[in-house]
Amino acid sequence: SAVISQKPSRDICQRGTSLTIQCQVDSQVTMMFWYRQQPGQSLTLIATANQGSEATYESGFVIDKFPISRPNLTFSTLTVSNMSPEDSSIYLCSVDSDRGGYTFGSGTRLTVV
Amino acid sequence: AQRVTQPEKLLSVFKGAPVELKCNYSYSGSPELFWYVQYSRQRLQLLLRHISRESIKGFTADLNKGETSFHLKKPFAQEEDSAMYYCALGDRGGYQKVTFGTGTKLQVIP
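In order, the protein sequence lines correspond to chains A and W. Each residue of the first sequence is one higher than the one before, starting from 1 at the first, in our numbering. Each residue of the second sequence is one higher than the one before, starting from 1 at the first, in our numbering.
So here's chain W without its partners, still in its complex pose:
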């Protein structure tokens, strides 16, 4: 079974401080990991995916298969980063059922 765990419901950091949103997953197949973000009064949108190995809005995430983790990081938090962040897990090999974590609310304090 697919499972995604985001241990923190709320993460508060000061502006300019580093950010790390934790995500651990459980899956026996070929995982594809995503981070989604929902800003206030906006729809849920894709932030980044591990296959792309991209940096979006200063955020990066590395898939660690040994630790089954996909933590989201940013070296210097900005106020506009305040949002709800969801980690999600799909299957690269076939049917794209996607399982979401419970989300972490990031609050950047000015």
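In isolation and in its complexed conformation, chain A is listed as follows:
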């Protein structure tokens, strides 16, 4: 299965600023998925990123708040913009696994103060 390197692993940010999270995959993949896990809650899909096209956002998530880049088949970034304390979450990227299901990155724990 693919191996995903995600960084940063954690960050503490001031409200109003932005943070860019990076995911690097060790093989080429068509789709990359970005999830958010708020404290005590389940994983929620933010968007799906295909190389060469705009990301597809789920209901409740917008490009201005969570811009995504997908410059090639092994890399993607998610930016959390104009952060507020409500954005404090774990952010995860994932790709399809050859076993079925997903392979996940290690996650980015974001705290907004």
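Just so you know, the hints here were simulated from the structure itself, not pulled from any lab data. One or more of the hints may lead you astray.
As the list claims (entries may be wrong) - What follows is a list of derived Cβ distance ranges for each label pair:
1. W/K65 to A/S18: 29 to 39 Å
2. W/E20 to A/S81: 38 to 48 Å
3. A/T56 to W/S28: 20 to 30 Å
4. A/S5 to W/L10: 29 to 39 Å
5. A/D64 to W/K57: 38 to 48 Å
6. W/E20 to A/Q51: 39 to 49 Å
7. W/P75 to A/Q41: 26 to 36 Å
8. W/P75 to A/N82: 43 to 53 Å
9. A/I63 to W/S55: 37 to 47 Å
10. W/E54 to A/K65: 19 to 29 Å
As the list claims (entries may be wrong) - A few chain A residues that face chain W, going by a derived Cβ cut-off under 10 Å, partial list only:
11. F33
12. S42
13. G101
By construction, the Cβ of each residue, glycine as well, lies at the ideal position given by its N, Cα and C atoms.
We have chain A already, so just place chain W on it with the hints.
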């Protein structure tokens, strides 16, 4: 709409006791069910999927379409099974949007 329900936030069992982590789903399409596990300080990883009908680390799960359930079972719990377990639902027929349950923390007491 896809929905996954894991009714228990925490399940505590003694070592050697049977384990059953409950998962119910709601979906009108062709469901594909998964169990994911997250051990302490490790990343979320796939444990098993219903299509494979496999046993991983002694765990099995059977899809019951009549009861819309996909409970995870193990006959004898081990301390190393202590972890967070997530049930997840995808669509076999098309776009693989996956919906996750809220998770159950399994605590195996020595």
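37 to 47 Å was suggested as the range; check whether the CB atoms of A/I63 and W/S55 agree with it.
At roughly 43 Å between Cβ atoms, W/S55 and A/I63 fall inside 37 to 47 Å, so the hint holds.
For the hint on A/S42, just tell me whether its beta-carbon gets within less than 10 Å of chain W.
Where the cut-off is 10 Å and the nearest Cβ of chain W is about 4 Å from A/S42, the hint holds.
Look at the Cβ atoms of W/P75 and A/Q41 and judge whether their distance stays inside 26 to 36 Å.
Once the Cβ atoms are compared, 31 Å apart, the range 26 to 36 Å for A/Q41 and W/P75 holds.
W/K65 paired with A/S18, Cβ distance criterion 29 to 39 Å
For W/K65 and A/S18 the Cβ distance comes to about 45 Å; the hint is violated.
Are A/T56 and W/S28 spaced within 20 to 30 Å by their CB atoms?
holds (21 Å)
For the range 29 to 39 Å, tell me whether the beta carbons of A/S5 and W/L10 fit it or not.
holds (32 Å)
Interface hint outcome for A/G101 [beta carbon to chain W under 10 Å]:
holds (4 Å)
Answer holds if the nearest beta-carbon of chain W is closer than 10 Å to that of A/F33; otherwise answer violated.
Status holds, d = 8 Å.
Mind checking the hinted window 39 to 49 Å against the Cβ distance between W/E20 and A/Q51?
Holds: the Cβ-Cβ distance is about 42 Å, inside 39 to 49 Å.
At the C-beta level, are W/P75 and A/N82 separated by a distance inside 43 to 53 Å?
holds (51 Å)
Are A/D64 and W/K57 spaced within 38 to 48 Å by their CB atoms?
holds (43 Å)
Between W/E54 and A/K65, is the Cβ distance one that fits in 19 to 29 Å?
At 40 Å between Cβs, range violated.
Going down the numbered hints, you'll see the structure goes against 1 and 10, while the others check out.
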